[in-house]
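Undergrad: Read off the chains here:
2 protein chains.
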Amino acid sequence: MNSTDIRLDITKIPKSRIDAVDFENLQFGKQHADHMMYCDFIDGEWQTPKIVPYGPMQFEPSAKVFHYGQAVFEGMKAFKDEEDKVWLFRPEQNFQRINKSSKRMAIPEFPESHFFASLEALLKLDKDWVRKGGGNSLYIRPFVIATESGVSASESDRYRFMIITCPAQAYYSKPIKVIFAQDYSRAADGGVGFAKAAGNYGAQFYPTKLAKEKGLDQIIWTDASSHEYLEEAGTMNIFFRVGDKLFTAPTNDRILDGVTRKSIIQLAKDKNVEVVVDKVSVKQIVEAAKSGELKEIFGTGTAAAIVRVEGFEHDDVYYDLPDIEEPYGTFFKKNLQDIQYNRVEDTHGWTRQVI
Amino acid sequence: MNSTDIRLDITKIPKSRIDAVDFENLQFGKQHADHMMYCDFIDGEWQTPKIVPYGPMQFEPSAKVFHYGQAVFEGMKAFKDEEDKVWLFRPEQNFQRINKSSKRMAIPEFPESHFFASLEALLKLDKDWVRKGGGNSLYIRPFVIATESGVSASESDRYRFMIITCPAQAYYSKPIKVIFAQDYSRAADGGVGFAKAAGNYGAQFYPTKLAKEKGLDQIIWTDASSHEYLEEAGTMNIFFRVGDKLFTAPTNDRILDGVTRKSIIQLAKDKNVEVVVDKVSVKQIVEAAKSGELKEIFGTGTAAAIVRVEGFEHDDVYYDLPDIEEPYGTFFKKNLQDIQYNRVEDTHGWTRQVI
Ligand SMILES: Cc1ncc(COP(=O)(O)O)c(C=O)c1O
Ligand SMILES: Cc1ncc(COP(=O)(O)O)c(C=O)c1O
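If you read the sequences in order, they're chains A and B. The first sequence maps to residues 1 to 355 in my numbering. The second sequence maps to residues 1 to 355 in my numbering.
These aren't lab readings, by the way, just hints derived from the structure by calculation. Fair warning: there could be bad hints in the mix.
Pairs involving identical chains hold if they fit within one copy or between any two copies, as the list cannot separate such chains.
[Claimed, not checked] Once the Cα atoms are required to be at most 20 Å apart in a straight line, the calculated EDC-like pairs of lysine to aspartate or glutamate come out as:
#	residue 1	residue 2
1	Lys269	Asp253
2	Lys103	Glu213
3	Lys127	Asp9
4	Lys103	Glu45
5	Lys103	Glu345
6	Lys209	Glu109
As the structure is a computational prediction, the values presented were derived from the model and not from experiment.
Extracted from the complex, chain A is given alone in its bound form (with noise of 0.2 Å):
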């Protein structure tokens, strides 16, 4: 990873805002640690990563990503251990894909370089932000915008790749509601939806409000062109349990690519749950939750790790889950946090230490 050979322009915050803060009442994404990484490109080349104290920025009204969208970012988490280490979970498989957004978005990839130096180094800053157990962890955005100034639709020449980060405790703690699509959708064949494209997020805030008012928490996307096939939820890839076996929709160009997702599937190897990768039916699930052989379907990501969905809304019905002894979300939600937590063995490699 080399990444100590990268020069970096650090500006530490002169007093930490850290006692300011109510660990125990955050709002998830509303505080910020007091440091940020910010690395222009300029003229064609990714200039020295600068890391300096949280705060507003001057922008261009015309700057191209308040008018194109022309955005892409990732979300991730560092854990601390009971030994005050600090984890990152799989980290490269975030590099990895912001990059592949970035491509799909006409963004010039971020070397790995300077990534992994900078991020280092922002949270050997701001290690006292990263807090101990419970679901706690300091949730980490990178993102890069188009910072070119100018009203014409092409892509930029500027752009801004930036990290903040967010102390964070469970999120999305309680069972959720969902409702399978039937008229709005998430994303085109041939689309960006495989990209954390920012656009991809604010197009689903309206239908969720729908959905809200309904009394339902969130959207299970299903194929854009027939509505048949179940495919994620807004922020969340998705599980379902027939039997004992697990199904979820194979990734493609509409769909992200979840390291949460994918590691699940490897869990789930170790512990011989067959895992089905396959395109998964709204029929062949509405029949299984009337015959009584969907026991659970379960929602994957960073932000929450693992979410139950305790019901879900379909032609106007709707089928409530049963409340199983054992559920595989909780099995599994558990393994993925003892490893991320390094409460037990990392068997897989997944887990890279920072501090």
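The hints should help you fit chain B with the ligands onto chain A, whose structure is shown.
TA: The following block gives chain B with the ligands in isolation, referenced to the frame of chain A:
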């Protein structure tokens, strides 16, 4: 329009920057007139619109627009006639459309009175930036961005509505070569294609870059499910002339309902040119190209008015369009611009004088 009742906060530029601008060599969207308008949505209400000198502004790096692309925009123009009167073209269409876009992106709608009062005040201040004749205009870019600070994927509770302007010469003046999309897509059924949502544009840059590498200028998007029907270009609706009839796709939830498109449909009717508004299949157009019945393809949009397509590629075959005499494209472009520049009587009540 009772725009006179609206309070505006106006801060004028100490000295105009206009003398530094070379109006003969404008790069589209790069220069900005002296002033801009912004209006914040805070605590559930649009505040007093402010007009200030154009310049950079401070934003939180965690502002939702950067992460979730919750942003929409419009594009319209002001034209100056020979008597120095300044005209807008169907501005109520842009006003209605930005609110339609906003609704789909879960952004609060902007009040009509705020919109017109501030737009008129802005144009009055910057009237010297609207140049007469020869395809000159002042391009007007209203846009709305989500400004709440917080990296959780849900709609913002703060927004900024802005209007910036750019002096413009004729845009895309030369004929273009296009390719009919076969791999990538612009919009999903049930998605946000009909909205001028920022993310729709950034998502096109990469496929367009690939098209440019093949020597083509733009993509004509097809429906995402089958790629069999021609929909629209990146920033233009598309018309096909087969024999003496014009064909254009009906608008739907994937296609932007262009103001120029609907104006051309009306102007064609006025001149007894038949316009068939129905699905346009790739097959039909390729066959018409082969048989010689395909006379013209042109794009329509505010930035460019009408742009001639000189040829298209499909299935790796490039089809040249004939160089016919008296093309509809040229005819209707003149017809439209005569109305926009107040050179002929506006029988449809489309133009609106602002100065
Ligand atoms: C659309 C979407 N699906 C799934 C996920 C889950 O991915 P991961 O497990 O890598 O966080 C996310 C969150 O990043 C997402 O945004
Ligand atoms: C996707 C798209 N289609 C078509 C158009 C043309 O619309 P209008 O004629 O209103 O400018 C635009 C430009 O605004 C556009 O962005």
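Undergrad: Run every hint past the structure and note whether it holds.
TA: Hint check results:
Taking the closest pair of Cα atoms, lysine 269 and aspartate 253 never come within 20 Å of each other, the shortest separation being 25 Å inside a single copy and 42 Å across copies. Taking CA atoms no more than 20 Å apart as the test, lysine 103 paired with glutamate 213 passes between copies only; the shortest distance there is 15 Å, against 37 Å inside one copy. Only within a single protomer do lysine 127 and aspartate 9 lie at most 20 Å apart by alpha-carbon distance; the minimum there is 18 Å, versus 45 Å between protomers. Proximity of lysine 103 and glutamate 45 under a CA criterion of 20 Å is satisfied intra-copy only: 16 Å inside one chain copy versus 38 Å between copies.
For a Cα distance limit of 20 Å, the shortest separation of lysine 103 from glutamate 345 qualifies neither inside one copy, at 35 Å, nor across copies, at 49 Å. In this homomeric assembly, lysine 209 and glutamate 109 come within 20 Å of each other (Cα to Cα) only across copies, at 15 Å, whereas the closest approach inside a single copy is 34 Å.
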